[in-house]
Amino acid sequence: MRERERERERERERERERERVGEPYRKRRERERERERERERERERDKGGLGFLKWY
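Heads up, the sequence shown is in this note's numbering, so the first residue is 77 and it goes up one at a time.
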């Protein structure tokens, strides 16, 4: 029981930290999303390339 309360308190602490940091945190999230999109594009390109090679 006490362990759960401690866990909740830690969560609240993390939330407060995020609120305080706020803007930089959001910017970091944006950068991560951008990187993910870039990876997706590369994956699509690779798939397209492999599909092209299969014809030969």
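Since the hints were derived computationally from the structure, they do not count as laboratory data. Glycine included, C-beta positions come from ideal geometry on N, C-alpha and C. Keep in mind that a hint or two might mislead.
Distance ranges between label pairs, derived from CB positions [said to hold, decoys possible]:
#1 77 <-> 102: 34 to 42 Å
#2 90 <-> 115: 21 to 29 Å
#3 88 <-> 109: 24 to 32 Å
#4 82 <-> 109: 26 to 34 Å
#5 112 <-> 85: 25 to 33 Å
#6 93 <-> 113: 24 to 32 Å
#7 95 <-> 122: 33 to 41 Å
#8 80 <-> 122: 40 to 48 Å
#9 122 <-> 92: 24 to 32 Å
#10 121 <-> 89: 36 to 44 Å
#11 112 <-> 86: 25 to 33 Å
#12 77 <-> 114: 43 to 51 Å
#13 116 <-> 83: 30 to 38 Å
Need the list of violated hint numbers for this structure, in ascending order.
9
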